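There are 2 protein chains.
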Amino acid sequence: MQVKNNYSSDYYIQGILQKDRIILSKAITIIESTKQADERLADEILQACIRLQKNSKRIAITGSPGAGKSTFINTLGKILLDQQQSVAVLAIDPSSSKSKGSILGDKTRMEDLVGNSNCYIRPTASNSNLGGVARNTRETILLCEAFGFDYIFIETVGVGQSETMVKNMVDLFLLLLLPNSGDELQGIKRGIMEMADIVLINKSEEENKAAAKIAATQVKHALHLFAASEKDWTTPVLNISSIQQTGFQELIHKIDAYFLKIESSGYKQQLRKQQDLFWLEETILQELQQAFSSNKNIADLKNKLQKKIIENEINAVQAAKFLVQKFLEQP
Amino acid sequence: MQVKNNYSSDYYIQGILQKDRIILSKAITIIESTKQADERLADEILQACIRLQKNSKRIAITGSPGAGKSTFINTLGKILLDQQQSVAVLAIDPSSSKSKGSILGDKTRMEDLVGNSNCYIRPTASNSNLGGVARNTRETILLCEAFGFDYIFIETVGVGQSETMVKNMVDLFLLLLLPNSGDELQGIKRGIMEMADIVLINKSEEENKAAAKIAATQVKHALHLFAASEKDWTTPVLNISSIQQTGFQELIHKIDAYFLKIESSGYKQQLRKQQDLFWLEETILQELQQAFSSNKNIADLKNKLQKKIIENEINAVQAAKFLVQKFLEQP
Numbered sequence: 003m004q005v006k007n008n009y010s011s012d013y014y015i016q017g018i019l020q021k022d023r024i025i026l027s028k029a030i031t032i033i034e035s036t037k038q039a040d041e042r043l044a045d046e047i048l049q050a051c052i053r054l055q056k057n058s059k060r061i062a063i064t065g066s067p068g069a070g071k072s073t074f075i076n077t078l079g080k081i082l083l084d085q086q087q088s089v090a091v092l093a094i095d096p097s098s099s100k101s102k103g104s105i106l107g108d109k110t111r112m113e114d115l116v117g118n119s120n121c122y123i124r125p126t127a128s129n130s131n132l133g134g135v136a137r138n139t140r141e142t143i144l145l146c147e148a149f150g151f152d153y154i155f156i157e158t159v160g161v162g163q164s165e166t167m168v169k170n171m172v173d174l175f176l177l178l179l180l181p182n183s184g185d186e187l188q189g190i191k192r193g194i195m196e197m198a199d200i201v202l203i204n205k206s207e208e209e210n211k212a213a214a215k216i217a218a219t220q221v222k223h224a225l226h227l228f229a230a231s232e233k234d235w236t237t238p239v240l241n242i243s244s245i246q247q248t249g250f251q252e253l254i255h256k257i258d259a260y261f262l263k264i265e266s267s268g269y270k271q272q273l274r275k276q277q278d279l280f281w282l283e284e285t286i287l288q289e290l291q292q293a294f295s296s297n298k299n300i301a302d303l304k305n306k307l308q309k310k311i312i313e314n315e316i317n318a319v320q321a322a323k324f325l326v327q328k329f330l331e332q333p
Numbered sequence: 003m004q005v006k007n008n009y010s011s012d013y014y015i016q017g018i019l020q021k022d023r024i025i026l027s028k029a030i031t032i033i034e035s036t037k038q039a040d041e042r043l044a045d046e047i048l049q050a051c052i053r054l055q056k057n058s059k060r061i062a063i064t065g066s067p068g069a070g071k072s073t074f075i076n077t078l079g080k081i082l083l084d085q086q087q088s089v090a091v092l093a094i095d096p097s098s099s100k101s102k103g104s105i106l107g108d109k110t111r112m113e114d115l116v117g118n119s120n121c122y123i124r125p126t127a128s129n130s131n132l133g134g135v136a137r138n139t140r141e142t143i144l145l146c147e148a149f150g151f152d153y154i155f156i157e158t159v160g161v162g163q164s165e166t167m168v169k170n171m172v173d174l175f176l177l178l179l180l181p182n183s184g185d186e187l188q189g190i191k192r193g194i195m196e197m198a199d200i201v202l203i204n205k206s207e208e209e210n211k212a213a214a215k216i217a218a219t220q221v222k223h224a225l226h227l228f229a230a231s232e233k234d235w236t237t238p239v240l241n242i243s244s245i246q247q248t249g250f251q252e253l254i255h256k257i258d259a260y261f262l263k264i265e266s267s268g269y270k271q272q273l274r275k276q277q278d279l280f281w282l283e284e285t286i287l288q289e290l291q292q293a294f295s296s297n298k299n300i301a302d303l304k305n306k307l308q309k310k311i312i313e314n315e316i317n318a319v320q321a322a323k324f325l326v327q328k329f330l331e332q333p
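So the protein lines, in turn, are chains Y and D.
Take the first sequence: its letter number 297 is residue 299 in this note's numbering, and every next letter is one higher.
Take the second sequence: its letter number 247 is residue 249 in this note's numbering, and every next letter is one higher.
If you're looking for bench data, these hints aren't it; they were derived computationally from the structure.
Treat the hints with caution; some may be incorrect.
Because identical chains cannot be distinguished in the list, a pair is counted as satisfied if it fits within a single copy or across any two copies.
Straight-line alpha carbon distances no greater than 20 Å define the calculated SDA-like cross-link-like pairs of lysine to any residue that follow [to be verified]:
| # | residue 1 | residue 2 |
| --- | --- | --- |
| 1 | LYS169 | GLN251 |
| 2 | LYS215 | HIS226 |
| 3 | LYS275 | LEU303 |
| 4 | LYS256 | ILE81 |
| 5 | LYS310 | GLU46 |
| 6 | LYS309 | GLY268 |
| 7 | LYS275 | GLN308 |
The model shown is predicted, which means the values in this text are computed figures rather than measured ones.
Using the sequences and the hints, build the whole thing.
Encoded structure:
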């Protein structure tokens, strides 16, 4: 997307402070831009925004395709907006080819949120690799928090690697499942279950009541089998219906209880600092890898060595050592 | 450990080919050595050994402390030795301070294996980080396979990150649990359950029969909840007793069936090539990281920037970019 850089970083920062959603959008577009010319402006905006951190609740919402994430966010968002809370919704879909369609789909399923002046919906630009998407999303969260949203929802599809990334951006990880008894979990990786702070059995309508209860029991059971988390929180499993709007009072109560707990214990601040240091390490690796793999000579050499490895002619470790040595010797 | 390098790589390679376990041990010590002087010799030995790959069955054996891994390996190893099979046992314990004790403990619990001329037991040197332990173990596997062991067992404690590493070294991943019903899994991370190709409920003695059956059912249930693996294999859950030696015929039958399946489908060869390329990428990252973090100036700068990140003065991404740029500019 073409971005006009006629304005200084002050313009964007003031706009964000004055809760101007159009300027927020422009600022996010600058952050997402891969153009060299936007980099300095992006850095200045971010730099200012991290000093303006408010007290947003950062919540990841994940689940298989079809679990009803968008309808759920619409219902939860609407209830929170009615309670005079402000809400930002960021959608991540690393599978770039699909995302345009699904984001359009999202917006039509978030009809109660679109156009509300206390709500902001933004898909993450997906013309990038997972590392790029993660970075954009994380920086967008920082901008939205500086803007002062009470809730920042990060919606992600629960099938890929994106969850580990998202887990390291949020305070609370919400997993949406369907009341298909055991079959439902077929598409969910075990590691994702482990990340959940709250599990919701969505589509627990009256007519699905029996299946929904069984699903909740099974999930509770599966969760119970595994190790407790360090923050002394037992993951609740709730039956909800986004369409019939049942179960949401209990959900909001659990979300409040969770934040009360992690804020009063100091865990939230500690978690965010841990996450920042995680991103430092992660980005150092990304940058090193990026510099390594964008080196044409090294890439050619690596291709040759990969073939030799597959033919059992050389050892992977020796090949790696040799490649890195060559890379660091380059002028 | 002091290693005398009076011999050429040919000496070690010939010794390995002639199934001399003392020379194998010396060769592994050279591989594990961190002395610059041993590096070239180690490279030559490895280089020769990867061309000598035989058809070993590489099997990871993991489980919580107390699950009875050593006694299990003793019983399974003994049965295989009685069937004229040769067995290597490599023990990994990344928690270096504990490992000396536990390895001594292991050896006394493997009394039927110690001293058998078709068996070789080797703890992985643990005075190193996880990356170093992984590399040593992987290279030791290569040497043991060149030596021609029918089975190579890699024993690891099922509580850390070491399992992901080990998963990428083996053909078959075996998880040992105890018949404590749900409580048993408390110490096992969910991700480890997901890796298992065979789950064993150990200590399923007659007097524990009821609890052991319940545990097996629960584990089957938990496994069933999740996504199927790409190799078209349903993870069996077996009740065994290492002390009473029950359930081992069925286990050996399952192991054989597994290898028959992955060998006839070509999956095993494909898996090993994938693993080699995984280790290439992994080692490139390790080497880049190593070069980065052993740079004193960069380390000092990073310390300063970490403090600024924690104080919300700068953004982690900017700090990372800056550090990598400084690092690559260095002469």
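Tested hints:
Within a single copy, LYS169 and GLN251 get their C-alpha atoms no closer than 25 Å, and across copies no closer than 43 Å, so neither meets the 20 Å cut-off. In this homomeric assembly, LYS215 and HIS226 come within 20 Å of each other (Cα to Cα) both inside a single copy, at 16 Å, and across copies, at 18 Å. Proximity of LYS275 to LEU303 under the C-alpha cut-off of 20 Å is restricted to the inter-copy arrangement: shortest distance 19 Å between copies versus 39 Å within a copy. Taking CA atoms no more than 20 Å apart as the test, LYS256 paired with ILE81 passes inside one copy only; the shortest distance there is 15 Å, against 54 Å between copies.
Proximity of LYS310 to GLU46 under the C-alpha cut-off of 20 Å is restricted to the inter-copy arrangement: shortest distance 16 Å between copies versus 46 Å within a copy. Only between protomers do LYS309 and GLY268 lie at most 20 Å apart by alpha-carbon distance; the minimum there is 19 Å, versus 52 Å within a single protomer. In this assembly of identical chains, LYS275 and GLN308 lie within 20 Å of each other by CA distance solely across copies; the values are 10 Å between and 39 Å within a copy.
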